[in-house]
Amino acid sequence: MFTIKYNFLILLLLITLFGAFLRFYKILEFPIQLNHDEITQLYDAWSVATTGKDIYGNFMPFIFESVNDHKPPFYTYATAVFYFLLGNNEITIKAPGLIAGILAIPVVYFFTLQLINNRQIALLAAFLTSIAPFELFYSRKSFENGSGVVLMMLGFGLILSHIKANSKIKLFLSAVILGLSMYVYFSQAVIIPLLILVFLSIFKKQFFNLKNFKVSLASLVIWLFIALPLFITIFAIPETRFRSSDVFVLQDPNLGNQIQLVDDVNFVSIIQKNYLVAGYAFTRFLSQFDIEYLFFNGLEFTKSRIVDIGPLYLIQLPLLIIGIYFLIKTKGQYNQKLFMLLWILVGMIPSGITFEQYSPHRVIMVFVMLNIISSAGFYYLFILLQNILFLKKLTILSFSAIFLYSLFYFFHIYTINFPFEKSQNIHYPFKEVALYASSVKENYNQVIFDPLFGEDSPEVGTAAHYYLGYYGNIPPTQMQKEYRLGDNSKREALFDKYSIRKVDWREDQNLKDTLIIASKWSLFEDTITKGNVIKVFYFYNGEPAFYAIKL
Amino acid sequence: MLKKFGEKKILIFILLFAFLIRIHDISSPVLSMEETRVASRGYLLAENFTDELGRKFPLVFNSSTDYQLPLTSYVTGVGIKIFGKNDLGARIPFVLLGTLLIFLIYKLSLELFKDKSLSLLVAYFASVSPGLIFISKVPNQNLILTVIFILIFYILIFDKSKSILYFLFLLAALTSKIAWVLLFPITLFIILFYGNEASSFRQRITKNKQRLIVGLFFSLTPFLIFLQIPQSTRSFLENNLTLVSQGPLEDNINLLRGHGIEKGLPNIIEKLLFNKLQILALGVVQWLGHLNPITFFGNISDGKQNYKISSILPKSLILPFAVGVYLLIKEKTRLWILGLIGIILLPSALIYPEYSIDLIFLTSVLVFLVIGISLPNLKNWMKTSLVLLVLLETLLFFANLNIERKLASGQRQQFIKNLVQEIYGISQTNPIAISDDILHEAAPYFIWFTPYKQIDKQDSKIDFAYKYSQKLTGNLRLFYSDSKILTCYMPEKDLINTSLSLLSTRDYQKVKNIVGQDKLELMVIKKFYGDNGGEIGLLINKGLCLQ
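Residue numbers (the numbering used here), protein chains in the order written: chain A, 218 to 768; chain B, 24 to 570.
If you're looking for bench data, these hints aren't it; they were derived computationally from the structure. A few of these clues could be false.
[Unchecked claim] The calculated lysine to aspartate or glutamate pairs, modelled on EDC-like cross-linking and capped at a C-alpha distance of 20 Å, are:
hint, chain 1, residue 1, chain 2, residue 2
1, B, 429, A, 481
2, A, 520, B, 558
3, B, 299, A, 509
Note that the coordinates shown come from a computational prediction; the quantities given were computed from them, not determined experimentally.
Extracted from the complex, chain A is given alone in its bound form (with noise of 0.2 Å):
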C-alpha cells in the first residue's frame, strides 16, 4: 500500500516537473511581450511594494482601479510579494501565474483523488493539468483566474477531504481558502458562494452530522467572515457594480436590437424583455458546451478561427465522451457525481451570461474538471483493454504519440501563429513604443502618443500610461504626482513628459519639438509617406503599428 501511494507521489512529482518545464519554457519570450493585464498589475504591484499605493495614489486599494477595469486585488497583492523576491522585472508578474500554474498539477491530482477516490484517475487528470492548452496559456499569460481556480480546487479537496477523514483542520482551511479565492476573480466571487450552495445540499447529510454541525456552522462564518468585506465592497463602490453591468449580456448588441423592438413601457413590455433575455442568455449558456469551441478553436489564437486549437485537445473528445459513459455506468458516488455534473453547470455561468459570445478565461474551472472527466474516459479505456495486451500496448503508445503530436500542435500554434495572427490582442508593439520614446524624450519638449490602433480596425490600447511609465522606468511615485487627466474631448493623460491622447493631425502638425507616435488611424497616408516618420513600430507579422513623427 505504502509502496502504491509512494510510486504515485513520484509519477506525480515527474508530471509536475514536466508540466513546470512547459510552463517556464522560453517564458520570457512567449508571449511575445506583457499584455495590458499584466502590465498594469506589474506596475501597481511595483507602486504598492514601494509605496503602498497604487499609481494613481490610492493607499492599498481593496480594488485596484487600473485601466478602469477594476480589478479585484489579490494577483496585485501577490505580485508585490514577488517584488520582493524577485526585484522589478518582467518575471515578477509572471512568477504568480506560473506558480499557479504548477501548483495546479498536484492540486488537480489532490481533489480528483479527494472526489472520486481513484488514484489512477487524479494521475491522469494531474497529467492532463500539465498539457492541457488552457493550463499553459493561461499559466504562461499569468492570468489571475488560474490562481483562483486553483484555491477553489484546493478548497473544494479539503472539504472533501475533512467528510472522508473528519478533519477539522482540513475544514478550517477550506474555509480561508475558498473565502480568499473569491478576491482573486470577480467571478470567483459568484460562483464559490453558488458552489458552496451545491456542495452543502448534495453533501448536507454528511456535512451538517450531529457530530460536527458546530465546528460545520463554524466554517461557514469563517468564510463569511473573509468573505463579507469582498460583498461589501462589491455592493459598496458603484464601480465594481458597473464592471458587473459593463460585462453583462445585456451589452451585447444582437440582444440590444431585439430589445429595443420592444418599444412600450407596460407590464406586458416588461415581462416580454425578460422573456428576451432569459432566452439569449440561456442559448449563450448552452452555447458554451459547442464541441468546436472546446475542442478546436475557443482560444482563438488565429482570426479565421477555422483551423486553431481549444482549450482542450482534439484528442479529449472521445475521452471524454466515454469518461461520461464510465461515470455514468459505475454504481456509486451519486453525490460525487452530482457534483460534477454541477461544478461544470455553474461554472459555465459567468461565459453565458456575459455580453461575449465565449469567455474561456472566465470557464478554467470548467475546463478542469471536464479535463478529470477526460482522465476517468482514458482510465475506463484501459481498464476495458486490460486483458488484451497487445491493444492495450497500443493504445498506450498512440495516445503517447497523439498527445506528443498534440502538444506539438499546441506550441507550434502558440508561439508562431498566434504572434503573427494575433499580436494586436497583447497591445503589441506597445513595450517597443515605450522603450522608444524614454529613449528619446529628453530631445524634445513632450511626447503625444494617441494609443488607437489595429491592423484591420482601430481600438484604443487602454494600458498605454502602464507601458509609458513602466518601460520608462518612471518610479510610482512621480507617477502618483503627476498623472493628470487633460483634454476629456481627446481623452488625454499626462505625466512626465508624455501626453498619451488622440491625434488631430490638422491640428498637431503644426507642434514644435514634439515626437508624435500614432497609427494610420490617426495620420494621414500623406503624413505616413512623406519623409518626417523617424521610426515605424511593426505589428509581428511585418505589418506597420506606429509611426514615430519628429515635429
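Take the given structure of chain A and dock chain B to it, following the hints.
Below, chain B alone, put in the same frame as chain A:
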C-alpha cells in the same frame, strides 16, 4: 387522473389544440421569398400542372440556393387547389401534416412505452413546441420529411406493412436530398439494433433483406439520376458538401504553414501539423456539435427555418431530456435511440459552418422519445411543474409573436404584398421597371400576390434551372445592377420606354447621376417603406428608359 377524463378525449383535445394553434393567425409568419416561390409554384401546378418556368410535371425545381425536389411543391399545390390561392390554401397541408405529426409522436411513444398517460404528455409537449408549430405554418420540406421519417421508423420498428414502407421510401426520396443519404443507413441501423431479440446481425439482415435492398435502391437511384442533371455536382458542393468545398479552410492551412516556414521550420513539419486531415476532424466536430442540446433548446435560427427568438423544443424540456439521456446510457437497452439520432445527424458533418436545421427537425421526434423515457422517473410534482413551465413558455411564445414579426423582417417582409399589388396595378396601364434589389426575387411574389403569371420565353427554355433568377415580362421589367439606365430623351436605339420605375437606393444614385438631383426629386411620385420604417424604394414618374 388522466383516466378520469378519458385518454381518448384528451388525445383529441391535444390534437384539436395543436390544430387550432397552428391554424390560428394563418397568415403568420409572413412567407419568406423561398416559401412564396413554393406557394406560387404550387398555384401554377394546381392550375395547369406547369411550374413557374413553364415546364409540365417537372420533378426538379429551381430555387435561389439549390435544386428543389418536387413533393413539397405538389403538396402545396393540393392545398391551393382545394382552398384557393391564399394563405390558407398554401399552408393548410402543413397545418394538417403538423397535427398529424403530433398524433404520430403519440403513437410511436405509445408503442414504445406502452403508457397512454406518458404518451399524452409527450404529445402535449410536441404540440406546443415552437419549432414544430413553425414548420406547420409555412410550406417547407422539413415537416414533410419529418412526417415521412416518423412513419418509416414506426413501420421498421413495429414490423408493419412493407408496401407502405416502400411507398414512404419513394416519397422521402422525392422530398429532399437528405433522404437519399439517410434511407439506407437508418433502415440498416434499426434492423440491426432495435429490439431485444437474441437474433444475430446476420439473421436480422437475412430476415430483412428485401427492406434493405429497397432502402438501398431508394438511396442510390435518385442519387444516380440526379447526377445526370447538368449542375448536380455544383448543387452537392454548394449545399451538401460545404465542408470540403469551402476555400477558406485551404487558404488558412497555407497561411499557417507559411508562418512556420517564415520562422525557419521545415516544410514537412508544417505539412504534418496543418493538412487536409483537419477537414476530417472539423467534420467530426461539426457532427458532434449537432448533439449539443443547443440545437434543440437554443435560439439558433435566423428566422428562415424557425422562429428567431424561440427554440425548436420548449426550453424547460432540457431537464427531462438530460435525465432521459442519463437513463438511456445507464439502462443501455434503448441506446438505439441515441444511435439513431447520431446517424441522422451524420450528414451535418459535411455542412460547415451552419447548423443543419432540417436534420435537427428529423431528430426532434427522437428527442421527444428521450424525454418520454425520463418521465416515469420523475415525481408527480416534477411532471406537474414541467407541464406548467411548458405552458408558461407557450404563453410567452405567443405573447412575443409581435416581436418575432419585427425580428424576422429581414427574412419575412410584410410590406412586399402591398407593394407588389400596387406595382402590378400600375403595370396594367403602364410599363414599369423595378430595381431587382428591392425584392431580390420578384417573380414569385407577383405570381403569388397578383394575377400575374406570364413566363419569359427565355426562361421556359431552361431544362434544369439552378439558382436561377426568374425574369419579369410584359409590362413588368427589372433593373439589374448592371442594367444601363438612360433618359428617354436620349436618341438611343431599341429603347424601351418603361414609363415608370421603382428605384432602390442603388439605382436612385445611378439615375441621380444621369438626370440630376433636382430633376429626379420632381419625378418622385411615391416612397415605399419597409417593415422597419426604412425607405426601400421610390416610384419615379415617366422619363427613364432601360436598354
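If you draw a straight line from the CA of residue 520 (chain A) to the CA of residue 558 (chain B), is it 20 Å or shorter? Violated, at roughly 36 Å.
For the pair supplied as a hint, residue 429 (chain B) and residue 481 (chain A), confirm whether the alpha-carbon distance does not exceed 20 Å. Measuring from Cα to Cα gives roughly 14 Å; hence the hint holds.
Verify the proposed pairing of residue 299 (chain B) with residue 509 (chain A), using a straight-line Cα cut of 20 Å. 17 Å, holds
Violated hint: 2 only; the structure is consistent with all others.
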